[in-house]
Amino acid sequence: MKHRAWNGLTDRLVAGERLSPDEARSLEEAARIDPAHANELALLDDLAGFVDAGQKEPSADSIAIAHAALARVTAGELGPRPAMERSRSRALGIAGIAAASLVAAALAVLVWWPRDELDATPELQVAGAWVTIASGQVTVDGRAIGDAMPRLDPSATVAVRDGLACLAIEPGIDVCLGAGTTASVEGLGDPEMRVEVRRGHAVARLDPLPSGRSFGLGTARVRAVAVGTIFSIDVSEDGGSVTAAVLDGVVEVRTPDATMRLAAHEVARVHAGGIERDRLTADVEARDLELLASVPDVDGRIGHVAIDVSPPGATVLVDDRTLGTSPLLVALAAGEHRLELRGSGGARVGETLTIRAETVVARRFSLSAAEPPAALEAPLEESIEIEETDEATEGREVARAPALKSSPRALLAEARMLRREDRWRDAASTYRRLLRDHPRSSEAHTALVSLGDLLLDRLGEPAQAARFYLRYVREGAGALAPEARWGIVRARRQQGDTRGEREAIEDFVAHHPDDARAAGLR
Amino acid sequence: MSRPLSFEPDVHVAKRPAEIASERPEDTRLMELVASGDPRARSMLAMRLCARVRRLLRGLLGDPRDADDAAQDALVEILQSAHGYRGDAPIERWADRIAVRTGVRFRRRERRAAVHAAVDPDQLRSAAPEPAHGDALPRPLVAYLDELPIRERQVLFLKHGLGYSLPEVAEIVGAARSTTKYRLMSALARLRKVIRRETAIGRPGGAWR
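First to last, the protein sequences are chains G and Y.
Just so you know, the numbering used here puts 387 at position 387 of the first sequence, and the rest follows in order with no gaps.
Just so you know, the numbering used here puts 540 at position 18 of the second sequence, and the rest follows in order with no gaps.
I should point out that these hints are in silico values taken from the structure, not numbers from a laboratory.
Where is the CB? At the ideal position from N, CA and C, for every residue including glycine.
Mixed in with the good hints, there may be bad ones.
Derived Cβ-Cβ restraints for the label pairs, each shown as a range [unchecked claim]:
#1 G:I33 - Y:G559: 57 to 67 Å
#2 G:A357 - Y:G696: 21 to 31 Å
#3 G:P191 - Y:E693: 21 to 31 Å
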């Protein structure tokens with residue numbers, strides 16, 4: 001059976017459509033001949049038995065989870081049902097026999113817990129629009145974000161000069177604005193809310209909206225409207241050209257003259273000549289998802305922290321997650337968080353932040369690798385309104401960065417962040433560090449392609465780039481194999497190595513015959 | 523393959539729970555005791571379901587830590603909802619629905635911070651270990667599921683792992699049927715690429731390297 005016929009039948013199968021007996025026989029026959037086909041069916045088959053294939057006897061971790069749940073249910077009967085707070089299982093750290101004794105202890109504590117402690121924690125109702133994270137130079141109505149309350153007034157204009165900003169609009173809508181973007185939130189509370197993008201790039205992610213409500217991204221003339229999806233819009237500097245891209249769901253692009261429905265992985269280009277449909281490219285998809293990746297978790301009770309560091313540009317980590325560079329404002333769940341700042345010169349500082357719901361904490365630091373410890377200026381206490389100070393109230397430990405071995409995930413996140421800031425060489429160094437410190441991690445394997453791209457496209461080192469692409473392919477490849485092989489083609493071309501390029505093209509076509517790029521190479 | 527694949531439309535391809543043939547009256551009695559607050563019955567129910575619920579949520583959510591958190595939430599909900607059990611299905615099947623609902627809700631809460639995790643090119647794979655399941659596939663099933671963006675993973679798992687019909691899956695994930703169908707086909711297309719590549723280059727099973 002040809003691949004195309006196979007794909008058609010299995011697509012129908014996976015979507016739950018009925019296959020005729022002949023079609024079913026054809027599939028089974030094809031699976032007997034082609035091991036790839038057999039594996040495809042085996043995967044669906046294994047999936048069908050996955051849940052039942054669990055161990056008969058629960059593992060120690062499963063028992064620990066069961067005991068924790070039992071403790072929570074018992075606690076809930078002592079007073080109003082407690083909020084379903086996330087109690088990270090990794091924090092539980094319960095295993096095996098220890099589980100029972102720990103739970104017993106927990107129950108003993110819960111017995112005398114005052115009832116107030118068990119009151120359900122009310123969820124913050126986000127009415128309106130809030131800034132949830134702003135990194136770099138971001139202004140709201142012309143004021144630097146660090147001086148502005150994170151809640152946005154109707155029609156407030158958010159301008160991102162460099163860095164990024166993300167907004168939470170009513171419950172369930174996140175919008176992130178990239179560097180060079182100016183936008184405002186319009187129609188808050190109306191059935192048709194929208195973010196008007198004057199220029200630049202915005203990407204939105206929506207939970208399904210209630211019936212009769214919609215959300216759109218657009219300009220004065222062009223609007224992309226959805227009821228639950230991920231989509232983005234790009235507006236040229238002069239506003240004359242607009243590109244709407246859909247990553248998931250369905251979006252309707254409306255202009256005064258035409259309406260076009262876009263499905264996932266489609267793009268609409270609107271210009272003076274009309275509107276054209278196109279396919280979403282991997283670059284655009286990666287760009288949009290990377291921007292959305294900055295959205296912090298703002299469910300539950302939240303407060304904000306505004307971090308300003310002298311000199312600016314320090315990397316800000318909260319709870320070991322890299323959030324961006326200073327100056328930075330970010331929404332965090334109420335409670336304690338670990339803040340760490342890393343300066344470009346290697347200096348770093350950390351402290352524990354206490355965030356109270358619906359407050360803004362302003363923190364201002366001075367960070368210099370060349371300076372001895374205690375060069376840090378401590379912050380003032382938090383309040384409902386932002387307060388700031390330059391006053392040093394106590395010294396903090398500032399030290400040159402010790403030779404810490406960050407986790408592979410942290411290094412990958414750091415490299416991504418550096419890339420986003422166009423710090424190509426720093427990003428390449430971080431990827432290399434990941435390869436050196438964690439050579440056997442899956443992150444390192446993936447980083448080979450990212451590093452190749454960086455060397456090829458940004459640093460003009462095609463020979464080095466080809467080396468990393470080749471290593472990725474030789475080390476077992478992975479989901480990025482087409483990108484790696486395509487990278488080898490491009491690298492050889494940049495090197496002027498005609499023979500190498502031809503060989504790379506043949507290799508690409510042989511391994512990825514279904515890839516759209518292969519057609520152009522044949 | 524471990525058993526013949528069903529080519530019928532929208533039937534439950536998931537194996538039915540082993541307890542399907544158990545005496546339902548015992549299940550009903552157990553759930554009555556749980557609903558009345560009997561600590562021993564609660565413990566029995568939690569122990570009976572914990573591994574299954576955890577495995578289900580591991581398949582649905584991907585991240586093992588998220589799955590463990592969601593499993594705890596789901597077990598709480600199951601224990602608190604025992605009065606709603608009518609005995610018309612095995613406890614496991616009834617609990618599956620609660621676990622799925624909890625998992626989807628959990629995912630919505632979590633995805634603000636994690637939407638990138640499943641689809642970021644730098645994070646296409648999870649290194650989380652999982653025991654191998656099938657003997658035909660070169661790698662554990664979960665390793666393949668980890669290749670998928672979360673939305674595609676969810677619909678594929680609900681449809682083919684738990685046997686929900688297309689309209690049921692669409693309702694659970696809050697998407698249109700057409701979108702759900704698209705996600706299913708997109709998931710298969712991604713997996714197909716991975717499988718063909720592995721088969722072509724004879725990549726050994728196990729870890730990524």
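The hints, checked one at a time:
no.	hint	verdict
1	G:I33 - Y:G559: 57 to 67 Å	holds (59 Å)
2	G:A357 - Y:G696: 21 to 31 Å	holds (28 Å)
3	G:P191 - Y:E693: 21 to 31 Å	holds (24 Å)
In this structure, none of the earlier numbered hints is contradicted; all agree with it.
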